[in-house]
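Asks: As given, the protein sequences belong to chains P and V, one line each in that order. UniProt numbering applies: residue 1 is where the first sequence begins, and numbers increase by one. UniProt numbering applies: residue 1 is where the second sequence begins, and numbers increase by one.
Please keep in mind that the hints were generated in silico from the structure rather than gathered at the bench. Among the hints, erroneous ones may be present.
Here are the simulated distance ranges between beta carbons [what the hints assert, rightly or not]:
no. : chain 1 : residue 1 : chain 2 : residue 2 : range
1   : P       : D229      : V       : Q117      : 55 to 65 Å
2   : P       : P263      : V       : T48       : 49 to 59 Å
3   : P       : L339      : V       : S230      : 50 to 60 Å
Covered, in the sense of this in silico footprint (three residues per stretch, anywhere, with C-beta under 8 Å from a C-beta of chain V), are these stretches of chain P [to be verified]:
no. : stretch
4   : 67-78
5   : 127-138
6   : 229-241
7   : 351-360
8   : 379-393
Predicted, not measured: the structure shown is a model, and the values here were computed from it. Backbone N, C-alpha and C define an ideal beta-carbon position, used for all residues, glycine too.
Number of protein chains: 2
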Amino acid sequence: MATPEVDVVVIGGGLAGLMAARALSASGRSVRVLEARDRVGGRTWTRTAASGVPIDFGGQWIGPSQERVTALAAELGIETFPTYAAGSTQYSILETSQVERADARAAMDELDRMAAQVPVEAPWEADEASAWDGQTLQSWLLGRSLDDVSRELLRVLMTGLFTMEPEELSLLHVITYIRSAGSLHQLIKVAQENRLTGGAQTLSLRMADELGPDVVRLASPATAIAQDDSCVRVTTDSEVITARRAIVAVPIVLTDRISFEPPLPAARVQLIQRFATGAAVKVHCVYPDAFWRDNGWNGRSLTGSGYVSVTFDNSPPDGSKGVLVGFIEADKARQFIGLSDTDRRDAVVARFVELFGERAADPDEYLEFEWSEEEWTRGCYSANLAPGGWTRYGPALRRSTGRVHWAGSETSTVWMGYMEGALRSGERAAEEVGLALDGASGRE
Amino acid sequence: MATPEVDVVVIGGGLAGLMAARALSASGRSVRVLEARDRVGGRTWTRTAASGVPIDFGGQWIGPSQERVTALAAELGIETFPTYAAGSTQYSILETSQVERADARAAMDELDRMAAQVPVEAPWEADEASAWDGQTLQSWLLGRSLDDVSRELLRVLMTGLFTMEPEELSLLHVITYIRSAGSLHQLIKVAQENRLTGGAQTLSLRMADELGPDVVRLASPATAIAQDDSCVRVTTDSEVITARRAIVAVPIVLTDRISFEPPLPAARVQLIQRFATGAAVKVHCVYPDAFWRDNGWNGRSLTGSGYVSVTFDNSPPDGSKGVLVGFIEADKARQFIGLSDTDRRDAVVARFVELFGERAADPDEYLEFEWSEEEWTRGCYSANLAPGGWTRYGPALRRSTGRVHWAGSETSTVWMGYMEGALRSGERAAEEVGLALDGASGRE
């Protein structure tokens with residue numbers, strides 16, 4: 001092959017890929033980032049509503065234990081602000097009677113207890129890995145004594161975290177994911193604490209700006225990656241780039257969109273086949289003001305009835321507009337997608353009225369986004385590994401394939417599936433590549 | 001777009017694609033078949049051993065209830081012959097004591113009973129679909145009282161059928177698959193009754209010969225399929241073909257290798273993500289003669305110990321050589337793949353010696369094949385739908401996407417995963433396309 005043009009080609013301009021490129025660039029490596037879309041940010045995407053309010057269609061929250069994303073925001077000069085929380089939650093099945101919560105609380109404690117036993121670098125080595133991976137979360141739930149409210153609560157929480165129903169999820173995957181965040185408490189209470197001024201995509205936009213347009217190439221999907229003993233060659237519709245190493249930082253379910261030469265090893269191929277994304281729709285209503293605050297409500301709700309299972313106050317920090325965000329997940333998302341545009345809007349607004357009164361009835365704007373039809377995402381929030389997958393194919397998750405290294409939030413051992421996990425995966429892949437290039441400096 | 005060059009482009013030159021092309025061609029439609037490899041046949045592939053014996057690396061058996069494949073073989077002038085069965089099975093855990101078999105038999109009867117309740121055209125409509133789809137086969141097995149031998153027997157049988165472990169399988173998928181074949185008895189006892197003279201690939205080779213090289217293009221992977229209101233445009237590395245309709249007849253896990261414009265709908269994308277292939281290695285030893293027959297043995301075995309779980313006499317019909325075939329599946333296949341070439345051969349030969357005596361120690365040839373590293377297959381025998389998948393995404397399985405229709409053995413309601421299923425799926429897709437072309441004849 002030809003002489004490498006750059007040290008490293010990164011495929012994917014989401015948080016993982018840009019973080020990898022940023023780290024490599026900072027250590028003096030020459031980098032190229034190939035992004036399929038005409039924008040960076042991957043599963044973070046901030047659109048500006050007609051009223052001028054930035055609306056995050058994808059990931060949006062960061063929590064205090066998420067060190068990398070917090071540090072990166074500070075480095076890039078992006079301010080953060082607390083998610084509005086003053087006042088009471090409008091309705092939450094978490095806050096039904098103590099008696100009813102007891103069963104759910106016990107189940108959540110047990111999930112946390114199991115999670116604490118999972119070696120997060122190698123979940124397949126947990127003592128009970130095989131038993132946990134061989135059953136669905138639903139089988140585990142059915143094996144417990146749970147009253148109806150607790151059962152509903154757990155379903156709402158779990159579909160909220162995984163955008164899949166308990167019937168679809170491996171118990172080992174669930175507790176590995178919990179472990180990577182620390183605990184269920186971290187996932188449910190801490191992960192939503194803060195927001196990023198200007199929206200979450202700003203992280204990627206700023207990183208891309210720093211790298212510059214010569215480095216970050218938009219609308220350049222990689223179609224093929226070939227490698228031999230000396231280099232890697234990445235093909236797009238318009239060019240072929242040779243490099244010493246490649247980092248693939250696309251959603252793991254999209255890996256097959258790239259043709260590999262030599263073909264990927266069986267373990268990686270079959271690992272990829274066992275990942276699937278969930279279904280989720282994020283809906284927003286923009287109002288002239290955050291009227292619910294007048295009633296002492298914080299805009300939050302958590303319920304099993306209706307399409308929208310969770311709401312938050314998503315207003316801009318200056319309070320110039322009132323924004324409610326709602327999440328529709330898993331089976332409900334699949335049903336919701338089947339409705340007409342009008343019916344979807346009407347269902348959401350009606351629910352907001354039920355929760356927050358008549359002033360919710362006439363939003364200035366209704367915005368929704370569903371990721372599974374997005375060609376370069378194919379589902380949200382993150383991908384889950386099917387029953388039996390972690391114990392059989394987990395060891396292939398971060399294992400590099402010759403000169404090709406793997407990043408993406410799903411490969412992170414900390415806050416897997418979150419922006420934090422994406423950044424950490426990019427750092428880890430950059431470190432791997434750095435070591436490889438250093439070690440081989442004589443030859444390469 | 002340009003005027004269609006042909007009525008129908010078929011992507012994939014396996015049994016499904018060729019059958020579709022044959023049916024369409026017979027009804028006067030112009031057809032093009034694009035096959036990625038330099039051969040037709042897909043998961044049927046017959047190589048000639050050094051001794052001249054044809055060896056099937058992929059699918060090889062047909063059973064008396066498999067009407068389409070039996071009829072096609074007759075039409076194409078391919079003779080069939082019975083799998084050698086005279087004499088005794090060398091060892092089978094099916095034939096351990098009655099007491100030990102009772103638990104296994106009861107479990108198999110129960111699976112058959114459940115299978116009979118599955119509407120095979122719409123498994124998601126079974127009364128207990130949600131409960132069955134929400135658990136793994138392993139959870140179901142653990143819920144039964146089973147002695148150790150029965151448990152081992154069921155694992156060997158199920159990994160033999162699905163090339164996945166019970167921990168990986170949806171119970172609803174298992175019984176849907178059973179239902180599509182009729183019963184477990186059909187799968188275990190009937191499906192292996194006959195073989196095809198010259199090997200199973202002969203079916204595809206003859207169909208391709210009849211269609212001719214102008215129709216069947218080898219080494220032509222489709223990279224993109226675009227469609228609009230008037231036609232479909234299929235791109236390969238060397239050409240762009242316009243047609244009225246397309247049939248995609250590639251293994252369902254390979255769908256993402258093709259770029260679709262417009263992108264595929266969410267339901268199909270997420271359906272595909274939920275399919276995964278199993279792991280299987282097929283091993284052959286070729287001997288100067290079928291020496292085991294001298295001892296009154298039929299060459300068969302079924303056991304849970306060692307890598308090889310099942311063996312059969314795979315000698316050619318004229319008895320000119322003796323061939324033993326063995327199957328290594330699921331977890332054992334994954335372990336086996338990790339051994340060195342020598343260790344793999346030694347392990348197989350040692351097992352054959354244990355089963356059939358010292359004369360098995362020195363085969364003229366040892367041949368093995370593992371499909372998961374095959375770029376255009378990615379695992380065998382067929383793909384299984386993960387827990388929760390049938391009930392959520394099953395309706396998308398055969399639903400055409402505009403001018404693109406879907407074939408492949410996984411889409412068949414009869415003998416799903418078998419050569420019979422592949423042929424039926426091709427017929428069904430051809431029928432769909434024929435109706436669409438007739439119905440639209442005024443316009444198209």
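Asks: Determine for every hint whether it applies to the structure shown.
Replies: Results for each hint:
no.	hint	verdict
1	D229/P with Q117/V: 55 to 65 Å	holds, 57 Å
2	P263/P with T48/V: 49 to 59 Å	violated, 25 Å
3	L339/P with S230/V: 50 to 60 Å	violated, 30 Å
4	67-78	violated (count 0)
5	127-138	holds (count 6)
6	229-241	violated (count 0)
7	351-360	violated (count 0)
8	379-393	holds (count 8)
This entry does not satisfy hints 2, 3, 4, 6 and 7, going by the numbered hints stated previously.
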